[in-house]
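Participant: With chain X's structure known, arrange chain H on it following the hints.
If you're matching them up, the sequences are chains X and H in order.
In terms of this note's numbering, the first sequence opens at residue 1 and continues consecutively.
In terms of this note's numbering, the second sequence opens at residue 1 and continues consecutively.
Source of the hints: derived by calculation from the structure; they are not laboratory data.
What you are looking at is a predicted structure, and each value in this text was computed from that prediction instead of being measured.
Any given hint could be a false lead.
As the list claims (entries may be wrong) - For the chain H half of the interface with chain X, some residues (derived, Cβ under 10 Å), not all of them:
{"id": "1", "residue": "17"}
{"id": "2", "residue": "22"}
{"id": "3", "residue": "29"}
{"id": "4", "residue": "39"}
{"id": "5", "residue": "43"}
{"id": "6", "residue": "44"}
{"id": "7", "residue": "45"}
{"id": "8", "residue": "47"}
{"id": "9", "residue": "60"}
{"id": "10", "residue": "78"}
{"id": "11", "residue": "80"}
{"id": "12", "residue": "81"}
{"id": "13", "residue": "83"}
{"id": "14", "residue": "101"}
The C-beta atom is built at its ideal place from N, Cα and C for all residues, glycine as well.
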Amino acid sequence: MTKSDLDRADVDGFRVAVIGSGPSGFYATEALLRSGTPTAVDMFEQLPVPYGLVRFGVAPDHPKLKLVTTAFDRIAKAPGFRFVGGVAVGRDVSIDELRDCYDAVVLATGADISRSLGIPGEGLPGSHHAGDFVAWYNGHPDYRDCHFDLGCGAATVIGHGNVALDVARILAKTGDELRRTDIAAHALEALAESRIREIRVVGRGRPPQAKFSAKELRDFLDLATCDTTIDSRDVVPDDFTPDNPQDPELTEKLALLRTFSQQALTKPRRCTFRFGLSPFAIRGQGRVETIDFAQPSSAVENIDCGLVFRSVGRRTAPLAGVPYDELRGVHANIEGRVTKGSTVIAGLYVCGWSKRGPSGTIGTNRGCGMATAAAVLADLPARMGQRSRDPDALLARLDTRVARMVSYRDWAAIDAAEKRRGAPLGKPREKFVSLPDMLAAADA
Amino acid sequence: MAYVVTDNCRGCRYTECVTVCPVECFHVDEKMTYIDPENCIDCGGCVPVCPVGAIEPDYRLAADKKFWIDVNRKRAAETPVLTARLPPLPGADARRQELGR
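The following block holds chain H by itself, in its conformation from the complex:
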């Protein structure tokens, strides 16, 4: 198994996850972060720190979110590792409220 970043990250990209990941397995593009499933050690440390609840273990994803497993794998291979927090995307707080978080 591995943990997976899902749609709630899009448009927020708080990147709190990066500060706790013990193995630096978060990658980033202009929209969101992705977890490299080859490096994730399943510690789960990122799940509670995500302000918008975007991260889940792969086995717990609803059927309509399973495609995020492949998206994370593919995009992690194509994007750079993120080693330090970034400022959230503009509008992140508004989106967070929209998500009811």
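The following block holds chain X by itself, in its conformation from the complex:
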């Protein structure tokens, strides 16, 4: 970051720190900067690149959803916005240090920790969190060295949410189906060589209870080399009849599952949706070989596979100095104000998945970020004169404390370099997957 990036002329108003640069962080920022209350926002991001799960969560074959970044870039152009990339809150700077310097601190840290099943054998080689696989194929620098044994014939995804569908679909696609997406080069290479032919997506509930959405399920209608099917043992015809025919989402979802149940199987790969199965052990000699499931009748069913992806929810990573709600797996809060017991901690807020838990779409997080911003704005007048230190002096100190602070202009250089790398390959971008490569592009 250059000196001019740190300079700030319009420092009359309130100063707010937003921690995290995913959707909810950007939308809270937007609401603050549009409020009419003179406010400047410093957005802290531990990586040199912004957008959170839009970059590292949204699947590479869902490019339209990623167009939301144009809205983020528009927000970042507003006067008073500053991106502080490459600074990890909790490691490079503490929450208390930030609270001393800012009138308000808004946590938008997402839900980084994958939940476990709590069954024996989860730690066997070949057993992975679905979220780690997602971060790997999306080129997250912390996950680029992960290894997934795609040489085995069968993979099982445990969970019936949209992340489970992403994992199953990416496994079901050929190299050619993924080649022109922004998938990380290492993942494309590995997936193009994949020998997985049998994919099972297994959940405890009946078809109407599945949490994935109809839109994601539709993607399974037109896979080049993979048929999608239902195991007829798991379902009765009534399972496909919605209780509430007024619910178009449920009606479509069940109609799709019915279609899958009637499909002729002709393609070399198969993705089977399984229902009513609860996993109770993962077994194998030195690596995953089989999973034991309890059927509704309590009978046991074994599913053999070399790879397991556990996709059973996420929770927020606790942060030193911020009370944690163990039950909900989020920063403890009442409607966006961080609380300790029943007491509100003045000047500390939370939005997005770290406020509500991991649910909803990008749009849900806009409403959520705006609601938290409204709480901040309501409290700001009472915060006047409370902060004891200067945020610009803090950033100057941080600039010497971290390897390389990254501005939004630096990000624009990284972004442009990624797009240039992608162009000859027919990809929208070829992501940099290591911090040194990102920083080199910022400096080029």
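Facilitator: Just chain H, lined up with the frame of chain X:
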């Protein structure tokens, strides 16, 4: 594909959709809102928040509602973007009850 605002919005215009749209693709006139199909990113965030179930993905529309695709495209081009919620139209709650929502 894109999402489409249909007849249930007419006479209600709750505009809850506007608060969740991540790309501000809702336009408005005195009767209802419209989605700009060029800007909609298919996130679907607006569907569950609409109190009267007026929003659907284009492919899911019944045959007699397909014309709303063109109406949304045309009216979005002719009307201003709505960036914040408006009060619902007078009589919206009564109409909502009429619709069985």
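Participant: Decide, hint by hint, whether the structure agrees.
Facilitator: For each hint, the structure was consulted:
no. : hint : verdict
1   : 17   : holds (9 Å)
2   : 22   : holds (5 Å)
3   : 29   : violated (22 Å)
4   : 39   : holds (8 Å)
5   : 43   : holds (5 Å)
6   : 44   : holds (6 Å)
7   : 45   : holds (2 Å)
8   : 47   : holds (7 Å)
9   : 60   : holds (6 Å)
10  : 78   : violated (23 Å)
11  : 80   : violated (17 Å)
12  : 81   : violated (12 Å)
13  : 83   : holds (8 Å)
14  : 101  : holds (9 Å)
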